[in-house]
Amino acid sequence: MSYEPVLLRRSAGAAPGAPPVGIGAYRDDGGYEGLAKALTMAPAEIIEEVKASGLRGRGGAGFPAGVKWSFIPKESDKPKYLVCNADESEPGTFKDRLLIETDPHQLLEGCAICCYAVGAPVCYIYIRGEYVRQAEILESAIREAYQAGVLGESVLGKGFKLDMRVHRGAGAYICGEETGMLESLEGRRGQPRVKPPFPAIIGAFGAPTVINNVETLCNVPHIIQRGADWFAGIGTDERNTGPKLYCISGHVEKPGVYEFPIGASLDTLLEAAGGMLAGRALKAFIPGGASAALLPADKSHLPMDFDNLAKAGSMLGSAAVVVMDETTCLVRSVYRLAKFFAHESCGQCTPCREGTNWSQLVLGRIEKGHGRPGDAELLVRMTANMSGTALCALADACVGPVRSLAQNFRPEIEEHINSGRCPLPYRRVFEETA
Amino acid sequence: MPDLLSLTIDGRTIEVEAGTNLVDASLKAGVQIPHYCYHPRLSVVGQCRMCLVKIDGVPKLQTGCTTQVMKDGMTVHVDHDEVKTAQEGMMEFLLINHPLDCPICDQAGECGLQDYSFKHGQAFSRFSYEDKRTYPGKERIPLGPSVVLNMNRCIQCTRCVRFTEEITETGELGFFQRGSRAEIGVFPGNELDNPLSTCVVDICPVGALTSTEFRFAERVWYLDKKPSLCTGCDAGCNITLEHRRENIRRYKPRLNAEVNDHWMCDYGRGTFRAYSEPRITSPERRNARGETRALSWADGLSSAHRALTQAASMGRVGVLARGATTTEEAYLLRRLADALGTGDRGVLHEPGPERTIPNPNGGVRGNELTPNRRGALLAGLAPTDTGTDPNGILEGAVTGDHSALLIFDGGAAGKDNALSRQSVLEALRRAGTVIVLGWARTALVDAADLALPIATHAETAGTLVNSQSRLQRFERAIPAPAGVRSGVEALADLLRFFEPDFGAATVAEVFALLASEISSLAGTDFDQLPANGLQLEERLG
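In order, the protein sequence lines correspond to chains P and S. The first sequence: position 334 = 334 (this note's numbering), numbered continuously. The second sequence: position 348 = 782 (this note's numbering), numbered continuously.
Please note that the accuracy of each hint is not assured.
Stated by the list, open to error - Dumping the calculated SDA-like pairs for lysine to any residue here, alpha-carbon to alpha-carbon at most 20 Å: (1) P:K368 - S:F561; (2) P:K195 - S:S477; (3) P:K195 - S:S562; (4) P:K339 - S:D490; (5) S:K494 - P:A310.
Worth flagging that the hints you see were computed from the coordinates, not collected in a lab.
Can you make the complete structure from the sequences, with help from the hints?
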């Protein structure tokens, strides 16, 4: 394995709970050189560089970051904003947390470069409420950066004014949706807005706003420092470039965050994570967080990047790989996910409010042994009505696992219904925790 | 001149202004896009997802309410398999947790869920009823004095929330909880008590919000509906008067973007209740001992004529109107005053509470109890240069300056007004001849020497001029009881005693006479008056 980590270069091998890399150590290691270089470039050049790198959003949707930046109008009578999405709430995802905990200045540098490129004098880092320690780490890193002249009236003495604030959410999944996050940031009930207008035109406080994920922004300093060509050379192809953090969890020996060039297969990840837990056989896996469709074990060789996974009917999402072995009841797993989505649905739009709850109810009754013939078909039809009809992506997120279960793992559902109980007897008595 | 863009909906090509949303645009093409959360006066939230349509060149279905026509040549499909599947899916989602308690729901018959179920729904359910979500204990929450919430029926369209945020700007209502537990409610320590609060019942597409007034009063399919005007103040709100067998059950606002838009105030809504007051149904005369005797109309009119002629020859006569006197009635009163040769005439100016009904042009104000004082001024029912004003007339009657008083009382009964005060009534009893045309058995009628029963505004037609000097027509909604004549009939008959050649007998004919005298009404015809009213050039004070 000759791959040298990029994003985790300063954090690899750090002891759990170790203090983050401070600004001194960060600068000694070449930190803030990307920003210094960026400040000598024209903003449009930076955007072109990021475009050329092929960097796609690491938050889930995979939208090209440079293209997103270029949507920000050059002329605006309102201030522009960068909002860094650190509301990492997708079940199974914990990569942003690690990036913030271990190397906060890498994120601040990425944010600063982005702000300079789009002309935003203010950056908000919206962090989920549960990340208390991480928010404190960020705040102290920001303080350090202000003291070192990296932030404030004149960034690195180059006359660019930049302020950065950490904004803590209250822990709602929906606030990870970019417009839900903006509503929350503005102090309102966190629920997604109608799009268009997109945030690039009318975003935070009615002003043009870029919203990027933590990992996306952490890639930016490296692109500027080492060039778009270097970045584009990593990965599967020109549409899937750069390093990628994979969060592997579930039935593996060593769950955790692993960095690979984008397009690592599950087999590669399992090798790094010490193999399946207790040597048991793989049954299914979720490649991209709770909203991605389940894939069967025979897809473990598949390169996990944006396009290959989309072709396979799933998605890279946040690259939260959840591994399930042969002892797992998939109905129960997906029921638990549906329950999560039903709980986190904001409730404003019909297909999500009603559909997530209904899928949860149907899956619950199947798992409890009260399933009815035709329930699998009902799940397929119901999710078809939820798919692509809702205001934001949350309904589709629920569709991912539910539909893939009903379509690709139907025998398991039928077995539940026909035998009137969950066929995996070693599991704890089903708890009704409605 | 805004840009016109062409748009094809279900094969019908129309032209609309740039920026028009598809729900509005489709109406122009004669196509209905079903919707719940969209309301033309509220912010667009795209929540109910009922208005999904297929747009050529766009892969996913789009919501019609949030899609604006921005470029020429857009092609939209509503009658499309994909759209139908989506509509069926949304209806299913909306109904799975709906209690389906239509038999006991006030909204039944005018319910968005019922209507769209018929049009876009399925005839079967795949949902098991035992899984229905309910809000125990939230079946009848009084949100305020006029509105009751049944949370089980709510489809979370948030129209009511947006109404209180954006129209009344009072913000009493909020959207609480999340997901399928999401609910509407008032903020703690608050209640839905603003002057327009009942409008949330009108805009609620389902039976979640019901009006305290109308709850369980009537099944809506029994109601006959007639376009009318509210007479609660001089704002002149357009209403639909709804009655069952001549019993008025409710007023609902009727869209007139120039006046009350989609709204009306709670006070105005309640004004129909006055019409349940006891009526007088035949002319009656009161003698010196206070005994009343019913008369025929012929006797009533001739004795009115006699009394007025006699009084005019002996001294001064005053002609006075108050309440919902139509412009036509005011015109006839003026002609009568002319015939009696008196300049002491007018409409009582009775200031009332200040009300503003929002509309796109900043709203319409009302601050008088008399809904048509301006119409009476238009008809010339105002003191002449040498005449006395209404307050002077009242005083004159009391002090004996006037030997006879003709009072036209179109107002609501039992209300506190200039003619219900004890001191005035006492004085009127002692005064010379007092002739009252009115519809309710009021203290004023009891104090009159001669009373003639006339129709309420619901029982007659006419025009009213509101605070914007906008002349609006209303139609007869219900027939008058036996023995009661409309104000126009009664006054025209009385006028014929003085002017045997006076030919006009109907409201339209009287209006034609009025129109021939007033330049801003020249060429207008009662039956052809614009539906949203006629803005008069002159501003009537």
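Q) Looking at the structure, which of the earlier hints fail to hold? A) 3 and 4
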